[in-house]
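Quick note, the sequences are listed as chains A and B, same order. Taking the numbering used here, the leading residue of the first sequence gets 1, the next gets one more, and so forth. Taking the numbering used here, the leading residue of the second sequence gets 1, the next gets one more, and so forth.
Please note that the accuracy of each hint is not assured.
To be verified - Okay, the calculated bits of chain B under chain A, using three or more residues with CB under 8 Å as the criterion: (1) 36-44; (2) 283-296.
As the list claims (entries may be wrong) - Here are some chain B residues pointing at chain A (derived, C-beta under 7 Å): (3) Val11; (4) Leu14; (5) Glu15; (6) Arg159; (7) Arg162.
Claimed, not checked - Straight-line distance between alpha carbons at most 30 Å, and here's what the computed DSS-like set of lysine-lysine pairs gives: (8) A/Lys197 / B/Lys293; (9) A/Lys243 / A/Lys107; (10) B/Lys293 / B/Lys212; (11) B/Lys16 / A/Lys243; (12) B/Lys351 / B/Lys212; (13) B/Lys351 / B/Lys387.
Hints were generated in silico from the structure; no laboratory data involved. Computed from a predicted structure; not experimentally measured. The beta-carbon is built from N, C-alpha and C at its ideal position, and this holds for glycine as well.
The residues making up each chain are set out below.
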Amino acid sequence: MSYLIIGASAGLGRSLAYRLAAAGHDLGLVSSDGRDLEAISTDLGARYGVQVVSIAAQVGGEDGYLDELTAVNQRLGGVKGVLFPIGFIFDNDDGTLDPSRAAFVMKTNCLAVMSIVARLLPKLKEKPRAVIVGFGSIAGSRGRGVNVVYAAAKRALASFFESLRIICEGSTVHVQFYVVGFLNTGLSFGRYTPLRKADPDRFAEVVVRNLEHNVNTAYYPFYWRFLCYTLTLLPWNVYKRLKTTGPLA
Amino acid sequence: MKVVAAGRMDVVRLEKSRFVSFDGGVDVYADYQCPDRYRMLHADLGERPRIARGAGYSSAAASLGVSTTIIDMSRFDRILWFNPAERRIAVEAGMTIGDLFRITARNGLWLPVQPGYPAITVGGCIAANVHGKNSATSGTFEACVEDILLFHPKHGEVRIDRTNHYSLFKLTCGGYGLTGIILSAVLRLEPLPGTAVAMERHFVSGCVEALKSVRSLAANGKSTYTWHDAAPVSQTFGRGIVYAGSFVSGDSDILGPMDYRRMTALSRCRFPFSIWSGVRTRAMNSAYRWSEKLQPRATEIPLFKWLYPFAKCPYFFYLFGRQGFCESQVLIPNDRCEGFLQDLQRHIVGKKAPAVCVSLKAFKGTQALLRFDGDGIAVTLFLVRSKEAQEFLQTLDTLTAFWHGIPNVIKDSRLSSSTIRACYPEYTIFREQLHKHDPSRLFQSELSQRLDL
Ligand SMILES: Cc1cc2nc3c(=O)[nH]c(=O)nc-3n(C[C@H](O)[C@H](O)[C@H](O)COP(=O)(O)OP(=O)(O)OC[C@H]3O[C@@H](n4cnc5c(N)ncnc54)[C@H](O)[C@@H]3O)c2cc1C
Ligand SMILES: NC(=O)c1ccc[n+]([C@@H]2O[C@H](COP(=O)([O-])OP(=O)(O)OC[C@H]3O[C@@H](n4cnc5c(N)ncnc54)[C@H](OP(=O)(O)O)[C@@H]3O)[C@@H](O)[C@H]2O)c1
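Start from the sequences, fold in the hints, and give me the full structure.
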């Protein structure tokens, strides 16, 4: 059995790659830098003896990589699942991002996921059991003053996965979506987080364990479900104050 | 501080954290970077002083400093290629030697030079040119290194080995991270000589008596080291055990019990006070000696346990508590060892220095630059960190210079530049070569600043 990981060179994606390889799965890995991917691929091969194929593709740019992805899918004998731990933030994403950067953030965090799903879904549906796993963010739960386009992309992604679940209802494809809190990875390094960052290895363990189970939407760490719910219930004026002058500012 | 990479701008982001030298002697709150992609290593840190950090197991503050940006290399821990037939492996510098052993041992191979804790990194081993259990036969870590990929912002990535950039290669093996960031290295492996070690114990009444055994056992190719009670009591000082190991193809499953709970420089100092001190040191040393006496004279130990004795039994370090310990390791020429050891005993007992234990190990090699290498006996001393210990160690510096010894720079967090100048004939050459390679001295640590490098 093999899996595709989009955003596999670092953070959660890297942890997922190690967990899946340790369980004996062949892998297709995608991220933008060939050197990082090469290092991970050879390491996984040497440690676990699995087959690893990598594609260095800037998914925020042109779509040429989609054909490569199809080829890799074939080479791996048709993957059993696709995981999307991809994420990208510009530091000055405060509502003033220029159009090309805003487009890049939207494409990387959301549109590329949609394109890849569109390309692979027909093949996945041919499998006796397949899984698509998306990773959203607590940033997408309500409006905010930083990472503005990123938050919008993640909210769009959540909507897309909800629709995908409806589309895949009755098929062999299971759709899982995680709303992710702070993780101790490069994405959040050097950024202030009001709560402790979770360990991506632990999270990856949970994700891999759940691949065989029916998970719809899950929060990680779990308490974010309550926090996000509370945030959405807050009256706008209170939320606005919290975000501008309060602890969430 | 911006870098264009992979077609997009990435800002270098830093965090602040607490870093402690493993002995607890240097404690700083410093900026650090935790790169997990190659382009992050190339990110522009401007003229900020910086230093690469392995796993932080050096007693000296070699991978930290107050005004130094620390570059944590732990995410660069991958195998780049492995050719068991040619006995070569290319690994990133953050790979731990324990991990490396786990992978290579499956193919019947190992690194013959390994320090005593599995979480130590390959980068740290190269930069400190560490030694293993059998320094008299296998030399220092440099002997295992075929080539190094070194990155310095002013020179880019350079592959250095014994034919290309040899002087930089020599400067980097034992260069304490001051020549740049070691990205990866090709290491030479050797066939595993056995799956276990048959360990003999010889009980001795003093350090000088142990010397003879150490020399003859090491000359017979046995991995030999000693342990001695160093509590400042003339009747018991030096009582100890000579351990001599030879490889056997035992029943022990070498790939079995390789798990361990990782001790770090920060977790080591969690205990609020030191258990080692005065009467307690004497009692614990006696208890240890008796427990060893109750063991059979020869026992078979799985290779992992023998290579990394502190992996399963880190308590020796934990018991020093928050205040930490002072470690001193000196290499004394063979013909001067007896005199040095007698002086050492006289001063420890006479000054009532808070010493805990002493260990001896035979060395064979050639001393150059600031490397802890040469022919002689390495004497390692552990003391409870205190004012008395610091005072005693100044006496030890004088003794070391008097007996033509060299102190190990990576093991002692308080050595002064004058001591190092006095003991290392090539101190000036090292310094000059370093300044030639890196005129703006971008790579700095507390160690380099203290030693005026
Ligand atoms: C329990 C224990 C047992 C030990 N046993 C032995 C032993 O048997 N023999 C022995 O010789 N030593 C021994 N040591 C000491 C240890 O091997 C050295 O201090 C070693 O350098 C620690 O490596 P590290 O990975 O922890 O690196 P750190 O301590 O973080 O760094 C050590 C040096 O390496 C440099 N460095 C690390 N990574 C890189 C890189 N990628 N690029 C450039 N420079 C780098 C740092 O700048 C620093 O100068 C022992 C230490 C402990 C705690
Ligand atoms: N970390 C957090 O605190 C946090 C919080 C909430 C949600 N999340 C979400 O959790 C998931 C995992 O994030 P993480 O923390 O693991 O992030 P990360 O450490 O930054 O890793 C992101 C991965 O995506 C790849 N990637 C980014 N942009 C790309 C592009 N344009 N083209 C190709 N690959 C690209 C990266 O590789 P390259 O850099 O080489 O391209 C990397 O492999 C993401 O969906 C993220 O949005 C994270």
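### Message
Of the numbered hints stated earlier in the document, which are not met by this structure?
### Response
2, 6, 7 and 8
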